[in-house]
Amino acid sequence: MHRLRVMLNVYKQYWRINILTTLEYRENFLIWFVFTFIYHGSAVAALWIVLNRFPSMNGWTFRDMAFLYGMWMLAHALHNTFFSTVGDIPEHVRDGEFDRLLVRPLDTLFQAIATPGQVFPDELILAVITFCAATWYSGVVVDATFLAFVPLIVVGGALIDLAFNLVISTVAFWFVRVDALRWIVVQLEQEFTRYPISIYSRGVRLLLTFVVPFAFMNYFPARFFLHKAHEHAMLPESVGLLTPAIGLLAVALAYVFWRIGLNRYSGVGH
Amino acid sequence: MRPRFRFEPYVQFMQKAMAREATYRFDVFTSVASVLVRVYLLRMVWVALYARNAAPSELPLHAIITYSTVALLMGLVMDIDQTRLLYEKLHTGGIATDFMKPIIVPLYLFADGSGEVIFHAVLIVPSLLLALLIVHIDVPGPLTLATFFLSFGLGYLVGFCINFILNCVAFWTLEIHAMQLIVTWVTDLFGGEIIPLVIFPAFLQKVAFALPFAAMFSTPLLIYVGVIKPERYAAALGLQAFWIVVLGLIATLMWRAGAKRVVVQGG
Numbered sequence: 084m085h086r087l088r089v090m091l092n093v094y095k096q097y098w099r100i101n102i103l104t105t106l107e108y109r110e111n112f113l114i115w116f117v118f119t120f121i122y123h124g125s126a127v128a129a130l131w132i133v134l135n136r137f138p139s140m141n142g143w144t145f146r147d148m149a150f151l152y153g154m155w156m157l158a159h160a161l162h163n164t165f166f167s168t169v170g171d172i173p174e175h176v177r178d179g180e181f182d183r184l185l186v187r188p189l190d191t192l193f194q195a196i197a198t199p200g201q202v203f204p205d206e207l208i209l210a211v212i213t214f215c216a217a218t219w220y221s222g223v224v225v226d227a228t229f230l231a232f233v234p235l236i237v238v239g240g241a242l243i244d245l246a247f248n249l250v251i252s253t254v255a256f257w258f259v260r261v262d263a264l265r266w267i268v269v270q271l272e273q274e275f276t277r278y279p280i281s282i283y284s285r286g287v288r289l290l291l292t293f294v295v296p297f298a299f300m301n302y303f304p305a306r307f308f309l310h311k312a313h314e315h316a317m318l319p320e321s322v323g324l325l326t327p328a329i330g331l332l333a334v335a336l337a338y339v340f341w342r343i344g345l346n347r348y349s350g351v352g353h
Numbered sequence: 024m025r026p027r028f029r030f031e032p033y034v035q036f037m038q039k040a041m042a043r044e045a046t047y048r049f050d051v052f053t054s055v056a057s058v059l060v061r062v063y064l065l066r067m068v069w070v071a072l073y074a075r076n077a078a079p080s081e082l083p084l085h086a087i088i089t090y091s092t093v094a095l096l097m098g099l100v101m102d103i104d105q106t107r108l109l110y111e112k113l114h115t116g117g118i119a120t121d122f123m124k125p126i127i128v129p130l131y132l133f134a135d136g137s138g139e140v141i142f143h144a145v146l147i148v149p150s151l152l153l154a155l156l157i158v159h160i161d162v163p164g165p166l167t168l169a170t171f172f173l174s175f176g177l178g179y180l181v182g183f184c185i186n187f188i189l190n191c192v193a194f195w196t197l198e199i200h201a202m203q204l205i206v207t208w209v210t211d212l213f214g215g216e217i218i219p220l221v222i223f224p225a226f227l228q229k230v231a232f233a234l235p236f237a238a239m240f241s242t243p244l245l246i247y248v249g250v251i252k253p254e255r256y257a258a259a260l261g262l263q264a265f266w267i268v269v270l271g272l273i274a275t276l277m278w279r280a281g282a283k284r285v286v287v288q289g290g
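Those protein sequence lines, which keep their order, are chains A and B.
For the first sequence, position 134 (counting from the first letter as 1) is numbered 217 according to our numbering, and the numbering increases by one without interruption.
For the second sequence, position 36 (counting from the first letter as 1) is numbered 59 according to our numbering, and the numbering increases by one without interruption.
To be clear, the hints were calculated from the coordinates, so they are not data collected in a lab.
The C-beta atom is built at its ideal place from N, Cα and C for all residues, glycine as well.
Any given hint could turn out to be false.
Unchecked claim - Computed from the model, here is a short list of chain B residues facing chain A with C-beta under 8 Å:
hint, residue
1, 68
2, 130
3, 133
4, 218
What the hints assert, rightly or not - These stretches of chain A come out as covered by chain B in the derived footprint (C-beta under 8 Å, 3 or more residues):
hint, stretch
5, 106 to 114
6, 124 to 134
7, 264 to 271
Using the sequences and the hints given, assemble the complete structure.
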């Protein structure tokens, strides 16, 4: 209990520093905002251009696809805001900074997450706006189920992201350079969350559902809220509400892997 | 005082760059793997889109799949920032000693970049062979194919000029990463690398065709799939040449102004 209070305190300090940094570098914050806007803007523009010419993608319209994108963007932005520091672990391992975390009396992963840097909340702000706009635009009914489940689903989606981030960072205990691997996974996530997975062959659908469960970040929840029951007949519509559970499971597995990697790392004795 | 021009040093620079690239083996593997995944992905996307909608008459399904696959293979070469060395040299200050050497610095950068590009161009072969397991690609007649390669070469020069201009900005701002990424996204969209410009809505098509990015990907690709007919080859290649001249001029002016700054700062 005491330990938890300490961690909470440390975490509060961490965000205090982040916010102070943001206020200090106001111009940078604005530049990043514009930057993030152009990035997501060009992605949505590409979707719009394609669906303007081909109005239906396997029964999904641009309005549906906007909701699909908004859902992924929100989960992804939540991860980037709170857990992107996990991705810096390989760098700390390389330059030896990581060893300092090992000798401190707090959980190593927690310390890695709470390493101050320049974390701007620009993407999260933009994602919330985009998600609200996409929900309105796609005509999804905002009822009690929506309000109760969407926050949980978004957190679950962010946890799926965290699980992959953590697994890749753990690989750095064995192979020092993981930049290429990270790049591949980031690319795959972006590409495979953009379209409804029903357009892929059976094998790829199974892969995205059970092995690399990116489909739970946005496809299954979107299918539930947009009532596309005819899609992907092998699983019922309500699996879209399982995202929080899948997220927890993914992070739990990733954490086990992390512990194995960590034990091995301390075993070597840098 | 200008030393007599010799060609051999630049061949050496090129070979050195190729050897340097060859050491990043894992990156080579990821580039090829990423191309293959994208070939599969784009094939599925176009199949899904053509299944439920009226196909555009100028681009039937097999043509658009060919377009996307060739575009991804071109990307292996085109998506490289060949003049990153300039940015690095500006950061480390190494540019100052380069100015003292008896070489033409922009040509040195071009040779270094081309070495990197040639190394990556070799990757097109295994990528193509593996891609053929996933998709079927149309092969045009010899005249079209020859024009395509010529146009591809011109597109490469357009890309080189754009990268060179961006890296020249580092003479003034030092930090150019964000700007480069933005240009990359704009090129992806308006260059026709992912979505052929001919399926853009009319007004956006006008904008896209008026920008230099179309000269990089769209022109060679539309020649390849036969949307640009032989009677329009001269005009298409001419427009690419026009962009090379314009961008080359801007690059030269920026280089001269930037080089002066280095001299001034160097005292």
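Next item in the hint list is residue 218 (chain B). Is there a CB on chain A closer than 8 Å to its CB? Status holds, d = 6 Å.
How about the stretch 124 to 134 of chain A: do at least three of its residues have a C-beta closer than 8 Å to a C-beta of chain B? holds (count 5)
Minimum Cβ distance from residue 133 (chain B) to chain A below 8 Å? 27 Å, violated
Classify the hint on residue 68 (chain B) as holds or violated, based on whether any CB of chain A lies nearer than 8 Å to its CB. Holds, about 6 Å.
Interface hint compliance - residue 130 (chain B) to chain A, C-beta minimum distance less than 8 Å: Since the shortest Cβ distance to chain A is 31 Å, the answer is violated.
Can you take a look at whether the stretch 264 to 271 of chain A is actually covered by chain B? Rule is 3+ residues, C-beta closer than 8 Å. Coverage by chain B holds for the stretch 264 to 271 of chain A (5 residues, Cβ < 8 Å).
When I compare C-beta atoms, does the stretch 106 to 114 of chain A have three or more residues closer than 8 Å to chain B? With 1 residues closer than 8 Å to chain B, the stretch 106 to 114 of chain A misses the three-residue bar; violated.
Hints 2, 3 and 5, counting from the list given before, are not met by this structure.
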